[in-house]
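J.: Starting from the known structure of chain A, arrange chains B and C on it as the hints suggest.
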Amino acid sequence: MKGSTTNAPVSAARRLRRWPARLDFLQSATGLALGLFMWVHMFFVATILLGKDVMWTVARMFEGYFIFGRPVYGLVSALVATIATLFVVHAALALRKFPANYRQYRTYRDHIKEMKHEDTTLWYWQVVTGFALFFLASVHLYIMLTRPDRIGPFESADRVWSDLMWPLYLVLLFAVEFHGGVGLYRLALKWGWFAGDGHDAAGTRRKLRFFKWALTGFFLVLGLLTLAAYMKIGIDHAPFYGQHYVPGAAATTGVTP
Amino acid sequence: MSSVTDSAPPKAAIPPADAPKRMLHFHVLRHDPQDPVSIPHFEVFELEEAPGMTLFIALNEIREKLDPSLAFDFVCRAGICGSCGMVVNGRPGLACRTLTQDLPAEISLAPLPAFELIADLSVNTGKWMRGMSERLETWVHSLGQEVDLARIEERMDPELADRIYELDRCIECGCCVAACGTARMREDFVGAVGLNKIARFALDPRDQRTDQDFYELVGNDDGVFGCMTLLGCHDVCPKQLPLQTQIAFLRRKMVKAGL
Amino acid sequence: MKVVYTDVLVIGGGLAGLRVAIGARRRGHDAIVLSLVPPKRSHSAAAQGGMQASLANVTKGQGDNEDVHFEDTVKGSDWGADQQVVRMFVNTAPKAVRELAAWGVPWSRVRQGDRQVIINGEKVTITERDAAHGLVAQRDFGGTRKWRTCYVSDGTGHAMLFAVGDRAIAEGIPVHERTEALALIHDGQRCYGAIVRNLITGEITAYVAKATAIATGGAGRVYRVTTNAVICEGIGAALALETGVVPLGNMEAVQFHPTGIFPAGILVTEGCRGDGGLLRDASGHRFMPDYEPEKKELASRDVVSRRMEEHIRKGNAARSRFGEHLWLDITLLGRKHIEHNLREVKEICQYFLGVDPVEQWIPVRPAQHYTMGGVRTNHTGQTPALRGLFAAGEVACWDMHGFNRLGGNSVAETVVAGMIVGEFIADFIESPEGELDIPTAVLREALEAERGKLDTLLRHGGREQADALKAEMQQVMTDRVGIFRTGADLQQAVDKLQELLVRSRDIGMRSRRDGPNPELVTAYRVQKMIKIALCIARGALTRTESRGAHFREDHPRRNDAEWLKRTLATWSDPLATLPTLNYEALDVGRMELPPGWRGYGNKDYVDHPDTPQRAAEVSKLRETLGDADRHSVQAALMPYEHLLPASLRGRNERIDEKLPT
Numbered sequence: 001m002k003g004s005t006t007n008a009p010v011s012a013a014r015r016l017r018r019w020p021a022r023l024d025f026l027q028s029a030t031g032l033a034l035g036l037f038m039w040v041h042m043f044f045v046a047t048i049l050l051g052k053d054v055m056w057t058v059a060r061m062f063e064g065y066f067i068f069g070r071p072v073y074g075l076v077s078a079l080v081a082t083i084a085t086l087f088v089v090h091a092a093l094a095l096r097k098f099p100a101n102y103r104q105y106r107t108y109r110d111h112i113k114e115m116k117h118e119d120t121t122l123w124y125w126q127v128v129t130g131f132a133l134f135f136l137a138s139v140h141l142y143i144m145l146t147r148p149d150r151i152g153p154f155e156s157a158d159r160v161w162s163d164l165m166w167p168l169y170l171v172l173l174f175a176v177e178f179h180g181g182v183g184l185y186r187l188a189l190k191w192g193w194f195a196g197d198g199h200d201a202a203g204t205r206r207k208l209r210f211f212k213w214a215l216t217g218f219f220l221v222l223g224l225l226t227l228a229a230y231m232k233i234g235i236d237h238a239p240f241y242g243q244h245y246v247p248g249a250a251a252t253t254g255v256t257p
Numbered sequence: 001m002s003s004v005t006d007s008a009p010p011k012a013a014i015p016p017a018d019a020p021k022r023m024l025h026f027h028v029l030r031h032d033p034q035d036p037v038s039i040p041h042f043e044v045f046e047l048e049e050a051p052g053m054t055l056f057i058a059l060n061e062i063r064e065k066l067d068p069s070l071a072f073d074f075v076c077r078a079g080i081c082g083s084c085g086m087v088v089n090g091r092p093g094l095a096c097r098t099l100t101q102d103l104p105a106e107i108s109l110a111p112l113p114a115f116e117l118i119a120d121l122s123v124n125t126g127k128w129m130r131g132m133s134e135r136l137e138t139w140v141h142s143l144g145q146e147v148d149l150a151r152i153e154e155r156m157d158p159e160l161a162d163r164i165y166e167l168d169r170c171i172e173c174g175c176c177v178a179a180c181g182t183a184r185m186r187e188d189f190v191g192a193v194g195l196n197k198i199a200r201f202a203l204d205p206r207d208q209r210t211d212q213d214f215y216e217l218v219g220n221d222d223g224v225f226g227c228m229t230l231l232g233c234h235d236v237c238p239k240q241l242p243l244q245t246q247i248a249f250l251r252r253k254m255v256k257a258g259l
Numbered sequence: 001m002k003v004v005y006t007d008v009l010v011i012g013g014g015l016a017g018l019r020v021a022i023g024a025r026r027r028g029h030d031a032i033v034l035s036l037v038p039p040k041r042s043h044s045a046a047a048q049g050g051m052q053a054s055l056a057n058v059t060k061g062q063g064d065n066e067d068v069h070f071e072d073t074v075k076g077s078d079w080g081a082d083q084q085v086v087r088m089f090v091n092t093a094p095k096a097v098r099e100l101a102a103w104g105v106p107w108s109r110v111r112q113g114d115r116q117v118i119i120n121g122e123k124v125t126i127t128e129r130d131a132a133h134g135l136v137a138q139r140d141f142g143g144t145r146k147w148r149t150c151y152v153s154d155g156t157g158h159a160m161l162f163a164v165g166d167r168a169i170a171e172g173i174p175v176h177e178r179t180e181a182l183a184l185i186h187d188g189q190r191c192y193g194a195i196v197r198n199l200i201t202g203e204i205t206a207y208v209a210k211a212t213a214i215a216t217g218g219a220g221r222v223y224r225v226t227t228n229a230v231i232c233e234g235i236g237a238a239l240a241l242e243t244g245v246v247p248l249g250n251m252e253a254v255q256f257h258p259t260g261i262f263p264a265g266i267l268v269t270e271g272c273r274g275d276g277g278l279l280r281d282a283s284g285h286r287f288m289p290d291y292e293p294e295k296k297e298l299a300s301r302d303v304v305s306r307r308m309e310e311h312i313r314k315g316n317a318a319r320s321r322f323g324e325h326l327w328l329d330i331t332l333l334g335r336k337h338i339e340h341n342l343r344e345v346k347e348i349c350q351y352f353l354g355v356d357p358v359e360q361w362i363p364v365r366p367a368q369h370y371t372m373g374g375v376r377t378n379h380t381g382q383t384p385a386l387r388g389l390f391a392a393g394e395v396a397c398w399d400m401h402g403f404n405r406l407g408g409n410s411v412a413e414t415v416v417a418g419m420i421v422g423e424f425i426a427d428f429i430e431s432p433e434g435e436l437d438i439p440t441a442v443l444r445e446a447l448e449a450e451r452g453k454l455d456t457l458l459r460h461g462g463r464e465q466a467d468a469l470k471a472e473m474q475q476v477m478t479d480r481v482g483i484f485r486t487g488a489d490l491q492q493a494v495d496k497l498q499e500l501l502v503r504s505r506d507i508g509m510r511s512r513r514d515g516p517n518p519e520l521v522t523a524y525r526v527q528k529m530i531k532i533a534l535c536i537a538r539g540a541l542t543r544t545e546s547r548g549a550h551f552r553e554d555h556p557r558r559n560d561a562e563w564l565k566r567t568l569a570t571w572s573d574p575l576a577t578l579p580t581l582n583y584e585a586l587d588v589g590r591m592e593l594p595p596g597w598r599g600y601g602n603k604d605y606v607d608h609p610d611t612p613q614r615a616a617e618v619s620k621l622r623e624t625l626g627d628a629d630r631h632s633v634q635a636a637l638m639p640y641e642h643l644l645p646a647s648l649r650g651r652n653e654r655i656d657e658k659l660p661t
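Chains as they are written, first to last, in the working numbering: chain A, 1 to 257; chain B, 1 to 259; chain C, 1 to 661.
Please keep in mind that the hints were generated in silico from the structure rather than gathered at the bench.
Since we're looking at a predicted model, the values are computed, not measured.
Incorrect hints may have been included.
To be verified - Only pairs whose alpha carbons sit at most 30 Å apart, straight line, appear in this in silico DSS-like list of lysine-lysine: (1) B:K253 <-> A:K207; (2) B:K256 <-> A:K207; (3) C:K453 <-> C:K123; (4) A:K212 <-> B:K253; (5) B:K65 <-> A:K97; (6) A:K97 <-> B:K256; (7) C:K60 <-> C:K2; (8) C:K2 <-> C:K453; (9) B:K21 <-> A:K116; (10) B:K256 <-> A:K212; (11) A:K52 <-> A:K207; (12) B:K127 <-> A:K97; (13) A:K212 <-> A:K113; (14) C:K314 <-> C:K2; (15) C:K453 <-> B:K65; (16) B:K127 <-> B:K253; (17) B:K127 <-> A:K113; (18) B:K65 <-> C:K2; (19) C:K2 <-> B:K127; (20) C:K453 <-> A:K207.
Excised from the complex, chain A in its bound form (with noise of 0.2 Å):
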């Protein structure tokens, strides 16, 4: 720090009380950077709206199958456990803020009750779907650290259909769409960001507001059609369970050549 000079070490306590800046900036990186992943998981999980060539190419570029020539299903790994990892530690971070017991959860919700405000209310349901995400995300995240290899149309909407996933992703769905999203707008206001000068706060929180619920709106639509495209297949592909697509496959369903 310019502060201290070098022959004047930072004492113990001074960078312990440093660690409170870190874990709040840390909380909101990861979960910024979660909250983008997951608009951007949510493009690529949609290309099967385009077409599964378009899903098969997405699903091999994380391989590295276009410069390796093969699939190379440790970058996948490797990013899912990056993502993993993120999510650990956002959860950890974020677990502080949560009530710490009955009596600050009743007050909380008593206060939402009295309040009806908007912006206390949808911290309840960050919490909510929060919670909710330990256990949904872990599940599909241990899926695609272990099995990087079956990400693909067919194999994708085996597991939707096939597996049984699609009731998880279902609720997974409208969890993280709503957790990042509410996250996301309250990343912009506890930061201060897109406030221009500043004097119009309440402008601002206004638009930031209309963005949230009309890309949670956006994003909710584009998953649910992406989960019934895969659901779809899935049922069309049942009876070839574990069959791999291969790409430019006249059939759409899968003959094995």
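T.: This is chains B and C only, laid out in the frame that chain A set:
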């Protein structure tokens, strides 16, 4: 623009006298924590609405006519001293400048939460604020320099003076604390009032504390990092202080100081 | 018996009390401040417009100095003020502003270059000097020849109170909030502190102190229509009165502010008119120039209030269902100015009237505003009658306001008196006089007396209701002891108040708890308030002249020959129903500014027999001294600097009056 000497009288400002009168029901949360048999409960008082009636007028009328023991606090009754913060139909606000005509006929009044209850609608905001001030050292730290009072004062940019006053307008009414979910859950949280004070002194060149010094005061989870940006504070502040932007400003500053 | 010991006990946590405590603390003495409410909620916060100090930074203030401020204040007082005290005050006021600037008050500052202002209804361009850029700015106020009122937008009192309140916290001064002094502990010669009630628990404690300072503010709430906060009930003055030995000075001198919003009586600042706002009647006519062609809306408050009431009596009032009123028009100042410099005014109009003052006129009518009179002290702030008892601020009759106070001089007095009296208190404590030697019997008797009074109220089942008595008192004061006074009205008021006082000795309680019991508080306060009201009404009845804010229709002239004297009211017999009035003559022979015409208001007055001689003396002295600098002239006319505490003596620097470096 009216002429200087003579001008047409303006349109009537106050609603007509013959508007039909309402009967108001005040549901007041009663409790005397010093009385071992007292249990918090709502008591209902009925009052006929009068033109231009504020909660200040109404509560005094209740005390005069219906219950002389009803405890509440008013001082300036003009919205500038911050004494009469209470929860009106769920939202913290200043009772003295709340007109009954803006409320439904059923009005619930409760003391500000998060503060020590004295009795009924009276809470000890003063004690809380003094504690906050001592903790955050909310005064100009000039590092022992005595000012020569005979000399012309230090100059200050007019714009900066205005910006400091903008934040200095806080009246410590406690509405922001009562409206804050974090403060409700965690009693050591300094609240928007405390964070705004730090932002105010950080802006003031007469205060020679550095960002590191301010970090020592609010760079923790009871300070700026405890804020979860619920913004109840911003939305209920009777003085419309720019709390949303100020807390964000302080967070950026403190993260920079702490990283 | 619970006893708390300290060096200085300050009763009242507003600007004056806090500044007194800080002064004593900085001299190394312990101080405790008692306050009915958290100190930052004190009525000092309501001073919106500003504080007078002759800094002469703005162009329109150029040429201002202590001499001009002195003259304005004395003329404003209608020669009722103690001119030496006024001198002490005007010399310290610039120091006070500068001290507060260092403590963090965000004074509005001068911006160099052109700006548009409204003067006498016309747009005028003023050019501010480069040399003044960034210095504390001044605005125009009533009764002043220069722009002298330093301000923080229109939240001056608030900003000052918070800076001083925070400074008190920085000094580690304990403020015992929600406590109320019930009586002073004394033996008729020496004050030993006060008997204090905790308003939360009801507990009674004796606070014993080497010096006791009363700084409880005004007594506006003895009137029904007042701009004052609900805690301004004159209790501090009553504490002194009830000692039986300490006199209250000039209690009949009560100021009515021209612009209380109608009907609530909430103040809108004089800054509205200072910045160019106009008064209009029912037909929209600007009437003040008809009465006061020179100062117009900006004559002193007593004059403007009287002219307004006169205009209403002539049938020119606007009418609403609440009654008759006039209009304050600030629409010509424009939105930007109003939202920037008159923001509180805008909020008050919005919340209490549903009016946007940018577009609409504000209904106003004069309302009780300020108590010029109070605990009579000498120039050190100490009461000559009771050693160890001091008073500062509105509660005191120090006496710098005489019969009318100028706008901007009250909030200035709080801090200036706080600075000066704080030093004198420290001097007193450090002197042999300050030693405390209190007989325990005095303490015990004082405690028992107060306990007994409370028990009587709580348990003896009196027949009178406290709030009803209070309402009757307030009504009679507003109806009969207002702006226009007559012997007949005042006699009726005195009779009625005497009746109320007798009845107040038979108050009973509907609720008998001793802790947070608002009814009990009203009961013991109303007994005191009626005494204060009687001092006002009786003083007004006896004073058969008109001076400053005291206007007798049956005696419309100022009469220096008979009445250039200060009323002193004492209440020696607790069972009496009237105060005893004595008078303290003002010495014309020592006045720097001998009595004359104020430059506004009534030109018709009766001279004091000594006035012509003193006037001749003064002009001769001025002639003799010729080219001597103004400080030497002043010192020759009326030396005062020796009266100030050593640390507060000395000249004040201005752009045009540099001090040697």
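J.: Of all the hints given earlier, name the ones this structure violates by number, lowest first.
T.: 3, 5, 7, 11, 14, 18 and 20
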